[in-house]
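Listed below are the residues making up each chain.
Number of protein chains: 2
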Amino acid sequence: MINLVILGTGNLATHLIKTFLKAKNVRLVQVFNHHSDSLEPFRPFTSTTTDIQKLKKADVYLLALKDDVIEEVALKLSEKGGLIAHTSGSVSMDVLNTFENHGVFYPLQSFSKNRPVDFEEIPVCLEANSVDNLKILKKLALGISDNVLEINSKQRRNLHLAAVFINNFTNHFYSLGSELCRENGLSFELLKPLIKETASKIETLSPIDAQTGPALRNDIKTINSHLKMLGPEQQQIYKLLTHSIQNLHGKKL
Amino acid sequence: MINLVILGTGNLATHLIKTFLKAKNVRLVQVFNHHSDSLEPFRPFTSTTTDIQKLKKADVYLLALKDDVIEEVALKLSEKGGLIAHTSGSVSMDVLNTFENHGVFYPLQSFSKNRPVDFEEIPVCLEANSVDNLKILKKLALGISDNVLEINSKQRRNLHLAAVFINNFTNHFYSLGSELCRENGLSFELLKPLIKETASKIETLSPIDAQTGPALRNDIKTINSHLKMLGPEQQQIYKLLTHSIQNLHGKKL
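Protein chains in written order, with the numbering used here: chain D, 1 to 253; chain L, 1001 to 1253.
Among the hints, erroneous ones may be present.
Distance condition first, Cα-Cα at most 30 angstroms in a straight line; then the derived DSS-like pairs of lysine-lysine [said to hold, decoys possible]:
{"no.": "1", "chain 1": "D", "residue 1": "239", "chain 2": "L", "residue 2": "1239"}
{"no.": "2", "chain 1": "D", "residue 1": "239", "chain 2": "L", "residue 2": "1024"}
{"no.": "3", "chain 1": "D", "residue 1": "66", "chain 2": "D", "residue 2": "138"}
{"no.": "4", "chain 1": "D", "residue 1": "192", "chain 2": "L", "residue 2": "1024"}
Please keep in mind that the hints were generated in silico from the structure rather than gathered at the bench.
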């Protein structure tokens, strides 16, 4: 049984809290946040505190915090003997190296409030400062996911960067598509089957093989007619992406 | 019963042929292509021809051809009395206006060879030069899809442009993500749950509400560290997309 304290109550923290409360080999002994209000939803299920000096003794302290406060909160933590790990894709493990036992517990997924997430399939990417600490994080991760692996800080940084492209930027294209629909009196529902198929395709095809469209075909007539329909910033995006597709596929404009 | 001739044997044509062969209210009377070889797979199921002067009499002739040859092939077609429709998202209906009965039959989906597609959910966007011709196309479309609607050429052009963003450009981001994995000794499998969730999210959230990430948070530290990891072209893409996200969400860099 692993005794766990979670620091934070944001999207990721909330999903972790809910999931660890159901995990068989984990006892969530406490949740910390400096705002009392945001602890409210968790009080019926576990102990809570707004005082970082009153953290309970635990095996693992998960800092499920925004990137820019991880170091700050870690500085306020007194050494407890337990393993201190953060959950960030882009923050180096080294920010925790004042602690004897430290590591990273990075679930590679996008978390939104009020949207349930099934952790079982989510890759949990681990890093630790010793073999023993890695073992502890592995045990913790296997309590909620079947997809657990060790990666180093550089790999994690690159995964996080890839996630920005395939999640944040992709979602922004959904927004631009949705705007185009709205401006033309069309329902965004129309685009949903295509969005779904685009994502499903790469289950059976590599994204390189799945690529289609005017950029790949170098269909200059369509490309030019599209450019005319766009405002300056979207025109630049369209041009750059078209060029990048042709670069990757070895064609020239 | 609608008698149908399909011109073309590319990805879309192949999927249409397979689907119409199973449709109850449609009889696929012929497939045309000027290459005899590409007709081979369809010979066991329907009549085929490489001679455009030998097209059979039919109610509808579907030009499921590449955008840049639609006009050219249409010019070679002699008036048969049937309805002539193309399947393109970006070509105007007007290129067919030498025919008394003409229209557009645009299935909004991305088609790849060897990947089965379920037409039932695919929006089929119709346009026709008369109420009667629209009725015929509707009947034809309802034979394969439950999602049939009338849109005009301008709406269709904009849908097609939106499709480039949400399908072609999104898939290119999958490719860039896959490259980042490869370069760092990571499996692309790791990104698949996130790709899936990104696409699924917009079933319950608007893409505006689903947006997350460093651009939205204006997390300059992460943005700068990502920029340092990218080559010049990808850097430009990252900057533009970050700016575009912040523009749409009303933030300033």
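Here is how each hint holds up against the structure:
1. D:239 - L:1239: Holds. Residue 239 of chain D to residue 1239 of chain L sits at ~14 angstroms (cutoff 30 angstroms).
2. D:239 - L:1024: Violated - the C-alpha atoms of residue 1024 of chain L and residue 239 of chain D are around 44 angstroms apart, more than 30 angstroms.
3. D:66 - D:138: 23 angstroms, holds
4. D:192 - L:1024: 27 angstroms, holds
The structure fails hint 2 only (numbered hints given earlier).
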